[in-house]
Amino acid sequence: MLFHSPEFILLSAITLLLFWRLPRTRTPILAVANILFYAASGWPYLLLFLAIASLTYWFSVLIHRGVRPKLLLWIGVGGSLLNLAIFKYTAFAVTNLERLLHLGLDPKLFQLLLPVGISFYTFQLVAYLVDVYRGDLKPARSLIEFWVFIAFFAQLIAGPIMRGKDFLPQIAEHDGHRFQFERFKYGIFLFLIGLSKKVILSDTIGPLADKFFNQGAAVGGLEAWIGAYLFAFQIYFDFSAYSDMAVGIGHMFGYQLTDNFKTPYLSGNPAEFWRRWHITLSRWIRDYVYIPLGGSRHGEFRAMAAIVVAMTLSGFWHGAAWTFIAWGIFHGLLSAFHRLWTRQVAERVKLPVPAWVTRWLSIFLMFQATTIGWVFFRANGMTVALTMVKRMLTLSDLHLTRTNLTYLVLVAALFLLHLAEFWFRTRQRALYETWRRWLPGPVRALAYTLAVVLAVVMASTKQMTFIYFRF
Amino acid sequence: MKSSLKWVLIYLLVIQFGLGYVIPTSWTYDQRIRYEVFKEDTTVLDVVLDQIKARIDREDLTDYVIILGDSVGYSGPGGPDQSIGYYMSQISREQGRPLTVFNLALPAMQTGDLYTVLLKLRAKGIATPRLVINLLHAGFVVRAPYPPVVFWLDNDLKQMDPDSWSRFRQHLIDAGRAKEDPLLTALFQRYIAPHVSLLRYRPVIKGELMSLFSAREVYDTRAWTEKPGLAELLQGYEYQIGFNPAPVDLTEQNPQIYFLQKIMDLTRNDQVLYYLTPTNQELMKPNVTNPGYRENVTRISEWMTAQGVDYLDLESALDPSLFADHVHLTPEGYRVLAGRLLEQLNQPAKQ
Chain A
1 MLFHSPEFIL LSAITLLLFW RLPRTRTPIL AVANILFYAA SGWPYLLLFL AIASLTYWFS
61 VLIHRGVRPK LLLWIGVGGS LLNLAIFKYT AFAVTNLERL LHLGLDPKLF QLLLPVGISF
121 YTFQLVAYLV DVYRGDLKPA RSLIEFWVFI AFFAQLIAGP IMRGKDFLPQ IAEHDGHRFQ
181 FERFKYGIFL FLIGLSKKVI LSDTIGPLAD KFFNQGAAVG GLEAWIGAYL FAFQIYFDFS
241 AYSDMAVGIG HMFGYQLTDN FKTPYLSGNP AEFWRRWHIT LSRWIRDYVY IPLGGSRHGE
301 FRAMAAIVVA MTLSGFWHGA AWTFIAWGIF HGLLSAFHRL WTRQVAERVK LPVPAWVTRW
361 LSIFLMFQAT TIGWVFFRAN GMTVALTMVK RMLTLSDLHL TRTNLTYLVL VAALFLLHLA
421 EFWFRTRQRA LYETWRRWLP GPVRALAYTL AVVLAVVMAS TKQMTFIYFR F
Chain B
1001 MKSSLKWVLI YLLVIQFGLG YVIPTSWTYD QRIRYEVFKE DTTVLDVVLD QIKARIDRED
1061 LTDYVIILGD SVGYSGPGGP DQSIGYYMSQ ISREQGRPLT VFNLALPAMQ TGDLYTVLLK
1121 LRAKGIATPR LVINLLHAGF VVRAPYPPVV FWLDNDLKQM DPDSWSRFRQ HLIDAGRAKE
1181 DPLLTALFQR YIAPHVSLLR YRPVIKGELM SLFSAREVYD TRAWTEKPGL AELLQGYEYQ
1241 IGFNPAPVDL TEQNPQIYFL QKIMDLTRND QVLYYLTPTN QELMKPNVTN PGYRENVTRI
1301 SEWMTAQGVD YLDLESALDP SLFADHVHLT PEGYRVLAGR LLEQLNQPAK Q
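From first to last, the protein sequence lines stand for chains A and B. Oh and the first sequence: position 423 is 423 in the numbering used here, straight run, nothing missing. Oh and the second sequence: position 244 is 1244 in the numbering used here, straight run, nothing missing.
Among the hints, a few may not be true.
[Stated by the list, open to error] Taking lysine-lysine and the BS3-like style, the derived pairs with C-alpha atoms no more than 25 Å apart in a straight line are: (1) B/Lys1158 to A/Lys211; (2) A/Lys138 to A/Lys165; (3) B/Lys1039 to A/Lys211; (4) B/Lys1006 to A/Lys185; (5) B/Lys1053 to A/Lys108; (6) B/Lys1006 to B/Lys1227; (7) B/Lys1227 to B/Lys1124; (8) B/Lys1006 to B/Lys1053.
Calculated from the structure, these hints are not laboratory results.
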């Protein structure tokens, strides 16, 4: 069920109405809404999700009571990961086994339809269970409350990956929440921002990026850069659109969901990038993979190795293909190199140039590195990805045509838009006040109406899905 | 905010009731339906039909021609002013008998689509006193499963003639059509979207907005002899299958025949001119000289004649120099074809 589909809008509207009109039954209302939302993708998947969620909840209660905590933690986490592995990685494993051992297996027979949101809910389940085991979190007060937390329909499919300690207390207290019109309005505002990003920007840029990536290994150096730049913006607008809409819906219900993006292409290094891109995943990887692997507690080499392993796992989480693993390794190596550079060079050598110059230079370089990484993420296979990256780095087979120059202007315009978003987001409260104070109601209304009209007009009838839905 | 909300509602109401009056007809129809807009959303056909209906009522038209067909009827690769409908109007004007022509042909349309358009015309109360329909040999050959017998309008057919749709449901599914929308989406599309002006005119406005940012369309109307690589391209399966020399099935088991009979039943009281689309006899020589293919053309002509309809076999009627490829024509080719069709239309109708 896509956010910009009529069935989602209807479900949200009815749920919101009941949620605010019947304050004492908010938990069951949301539980039913979650069930209806997930059932749209298929009842068997809903039953599977309900079963795994119930088991995780009961395990958490037992762990909290001290009943075989370590064993139940392993079974609970192992069960969730096994569920993910079966659906997501079986065909990949069989394909590679077949390549190595020639067992006569047909990987297509093992290609299962991926339950929607499985990667996201698995990470939420694992985090919840580990947090309860560590004593950082008390279990939810009831299964139904846990279900509302784990399957909240606004963020179930593509995050943000919520933590129990952030979200469960909000659910526990929501019966006492009063409707705040300002907050509701802000939720609508975020939802519309997200909707516009999706239908006006992402869905328009997507086919342009496809045009370059569909050329495969035949693409020239400049075209490869253009395709990768366009995809960089497509995936940003697509994924951040979903997050904006999810956070916006959260506000409409009076919840504060965690922000997932902070204009990431303005990052000056890999560490900053992961603090601004898919923030909740980065935190998850840090807390449940990087730190348990030793983090920075065992010296530089172990820390760098842990970064590479964590980022590789992050890549593999995105998809069962070598290209995603390569994307993870690429970012792992980039982060490790940056750590080495910071420790060995940057902290010792002071460049004789103003700070703003180094800042912008590092943003420029980081954006190029991120763009190269996206080639692995998007390309149809490793051979194509490696060929494209080789052409990008060697700048070979450049075609400086008028069309390509137009595309470069478009890329520059998209980057300026990204800057504008940063400027807007960092000043949004003051801007809103100015907007409200200086412009009369009819003029503001005209702008709102035009925004709605533009979003409706530009929406594709094909209802393009969000890229991250497939993870 | 509350005051803004009030104004938003007022603006939306203005859009709801005023949008239809400010969208020019040329945004949807210029000598033919604007294909780019139609491709974005096929519901734009309803907008066009309503505009045609309004014009017929306004000008009290009783004698006009409606063209139905595929890309040849649409007159690709030429522009609107190089299309059959345009030339038919122009020639009839020159002859002192001005004729209004509505060209509803669109690329890739199949017989199932043509039948559905006719159902829509009936539903809108648009009479079809004179119709011109082009047929192609490719339409009669086995669909295995591509192309689907309803290429664009399977959702409309499902609503308007569920029996016919059900009959070919499996074929449509095999050919990648007949996709089921979720219930709410289907209900929304059927009962709400057509009545919300913004949704109804959405593809039209989008098409116009996008055209502001895209290069002006260039129509490649060169003759086929000036297109290197064309002959090789036409050796591809998707082109060759249209010349399949295996005997065509002329029973109702063939979806082409089924829908042709449906069209004939529906237009029994109208003057309908069917014609077999001209084919480039030089470019496609190995195909069109195949005895199986020739036999098929003869059998199709005999079958059409046996139905008692007005039928023109133009398969080998045009000079190869008038072609842009295997079946599409140069502007001059379309002008010649328009003349032939007009000549036939002006003959006394068969009873």
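How the hints compare with the structure:
For the given pair, B/Lys1158 sits about 34 Å from A/Lys211 by alpha-carbon distance, which is inconsistent with the 25 Å threshold. Only pairs whose Cα atoms come within 25 Å are accepted, and A/Lys138 paired with A/Lys165 is accepted, the gap being roughly 8 Å. The suggested pairing of B/Lys1039 with A/Lys211 holds, with an alpha-carbon distance near 18 Å, which does not exceed 25 Å. Of the pairs offered as hints, the one joining B/Lys1006 and A/Lys185 holds, with about 14 Å between alpha carbons and a cut-off of 25 Å not exceeded.
Straight-line distance between C-alpha atoms of B/Lys1053 and A/Lys108 comes to about 52 Å, which puts the hinted pair past the 25 Å bound. As the CA atoms of B/Lys1006 and B/Lys1227 are separated by approximately 60 Å, the hinted pair breaks the 25 Å bound. With a CA separation close to 43 Å, the supplied pair B/Lys1227 and B/Lys1124 exceeds the 25 Å bound. A C-alpha spacing of about 35 Å is found between B/Lys1006 and B/Lys1053, which places the hinted pair above 25 Å, so the restraint is violated.
Hints 1, 5, 6, 7 and 8 from the earlier list are contradicted by this structure; the remaining hints agree with it.
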